[in-house]
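Undergrad: Produce the complete structure using the sequences and hints provided.
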Amino acid sequence: MEKELTSKESLELITQMISKAKKTAGGDGGFQMLLWGWAVSLCNFGHYILAKLEYDAPYVVWTALIPVVGVSIWHGFKKPRQTGVRTHLDSVLNQLWLMVFIGIIIVLAFMSQLNFYQNPVILILASIGVFTTGAMVKEKLIKFGGVFLMVAALISFFMPITEQYLVAGIAIVIGYLVPGYTLKKG
Amino acid sequence: MSAFSPLDPLLHSQLRLAVMSLLIGLDEAEFTFLKGQTQSTAGNLSVQLDKLEKAGYIEVTKSFRGKRPLTTCKITQEGVSAFESYVENLKKYIE
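Residue numbers (UniProt numbering), protein chains in the order written: chain X, 1 to 186; chain Y, 1 to 95.
None of these hints come from the bench; they were simulated from the model. Model, not experiment: these values are computed from the prediction. Yeah, the Cβ is synthetic: ideal placement off N, Cα and C, and Gly gets one too. One thing to keep in mind: the hints can contain errors.
Stated by the list, open to error - Computed cross-link-like contacts, DSBU-like style, restricted to lysine-lysine with a CA-CA straight-line distance of at most 35 Å:
hint	chain 1	residue 1	chain 2	residue 2
1	Y	91	X	22
2	Y	67	X	8
3	X	143	Y	74
4	X	138	Y	67
5	Y	35	X	52
6	Y	54	X	143
7	X	184	Y	92
8	X	185	Y	74
9	Y	54	X	22
10	X	52	Y	91
11	X	78	Y	62
12	Y	74	X	78
13	Y	51	X	140
14	Y	51	X	79
15	Y	51	Y	62
16	X	184	X	22
17	Y	92	X	20
18	Y	54	X	20
19	X	8	Y	91
20	Y	92	X	185
21	Y	54	X	8
22	X	22	Y	67
23	X	79	Y	74
24	Y	67	Y	91
25	X	184	Y	51
26	X	138	Y	92
27	X	78	Y	91
28	X	138	Y	91
29	X	79	Y	92
30	Y	35	Y	91
31	Y	62	X	22
32	Y	51	X	22
33	X	140	Y	74
34	X	8	Y	74
35	Y	51	Y	67
36	X	143	X	20
Claimed, not checked - Residues of chain Y placed beyond 12 Å of chain X at every Cβ, according to the derived structure:
hint	residue
37	28
38	46
39	49
40	50
TA: Structure follows, in structure tokens:
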């Protein structure tokens, strides 16, 4: 038979277990932010450089994102298998980013209607995703990344289309990679 | 007069309370996770999970991952309410 719990022991046990569950649920160490941050910023810089070199089809660099989508989804499925838990936070974050992703695809599909000003719109979508993620995981630096992306979106609207790729690349380095590496360290 | 209501005997047990406290913050957790965090034996944990399931506090799903059996547990709405009133009662004892 197990011993009778006192009220104080009960409360301690509850607190201890809740914090254990929280620790397990603490995100993925910034993996997705780093993956997308590197991939998208490099594609932006690549597009900018190829366009400056007057290459005919600078947009070919974006095909590099196809395997990245695969890695991202695979990693998303693997995480609950490693930790043995599924949290509401994980599922809310997945749904948020799924919708951001769908939004980006729609913007890309209609970029000619947008007069190829799709980059600032994509930055706005990413900014909402990053800021909300920061608010949910309670990380100020991620929220800052979101704000930075929004400012970059605003600046982009005043730039020529080719230069928008450079702005987007820099914005993603600061808005994604800086918070991503901080999460990894923490 | 605020009377001391008796603490729910189903929750006032070390292992069952530990399991409920873990599940309250999660969507679902695997048996192996609960076993590791509570440092219990598989046998004892199975018995306690069974009691919680019979009371309607948790939902236990048995499936397979590849060829290995996989047991996942999830707190029910009834379980959440029971846990909340247990904590409320506990506060009265401590005050």
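Undergrad: Take the C-alpha atoms of residue 184 of chain X and residue 92 of chain Y, compute the straight-line distance between them, and say whether it is at most 35 Å.
TA: 42 Å, violated
Undergrad: Does the structure keep residue 78 of chain X and residue 62 of chain Y at a Cα separation of 35 Å or less?
TA: 19 Å, holds
Undergrad: Checking one constraint from the list: CA of residue 91 of chain Y to CA of residue 22 of chain X, max 35 Å. Satisfied?
TA: The hint holds at about 22 Å.
Undergrad: Assess, step by step, whether the Cα of residue 140 of chain X is no farther than 35 Å from the Cα of residue 74 of chain Y, and give holds or violated.
TA: Holds - the C-alpha atoms of residue 74 of chain Y and residue 140 of chain X are around 31 Å apart, at most 35 Å.
Undergrad: Would you check whether the claim that residue 28 of chain Y is not at the interface survives, using Cβ distances to chain X and the 12 Å cut-off?
TA: At roughly 5 Å from the nearest Cβ of chain X, residue 28 of chain Y sits no farther out than 12 Å, so the non-interface label is violated.
Undergrad: Keeping to a limit of 35 Å between CA atoms, is the pair of residue 67 of chain Y and residue 91 of chain Y held or broken?
TA: Violated, at about 46 Å.
Undergrad: Residue 49 of chain Y clear of chain X by more than 12 Å, beta carbon to beta carbon?
TA: Answer for residue 49 of chain Y: holds, closest chain X Cβ roughly 15 Å.
Undergrad: Measure nothing beyond the straight line between the CA atoms of residue 143 of chain X and residue 74 of chain Y; if it is 35 Å or shorter, mark the hint as holding.
TA: 32 Å, holds
Undergrad: For the pair supplied as a hint, residue 52 of chain X and residue 91 of chain Y, confirm whether the alpha-carbon distance does not exceed 35 Å.
TA: 68 Å, violated
Undergrad: Can the restraint linking residue 79 of chain X and residue 74 of chain Y be considered satisfied, given a maximum Cα separation of 35 Å?
TA: Given that 35 Å is the threshold and the Cα spacing comes to 18 Å, the pair holds.
Undergrad: Measure nothing beyond the straight line between the CA atoms of residue 78 of chain X and residue 91 of chain Y; if it is 35 Å or shorter, mark the hint as holding.
TA: The given pair, whose Cα atoms are some 40 Å apart, is violated under the 35 Å limit.
Undergrad: Does the claim that residue 46 of chain Y lies off the interface hold, with its Cβ farther than 12 Å from every Cβ of chain X?
TA: 15 Å, holds
In the structure shown, a violation is registered for the earlier hints numbered 2, 4, 5, 6, 7, 10, 13, 20, 24, 25, 27, 29 and 37, in ascending order.
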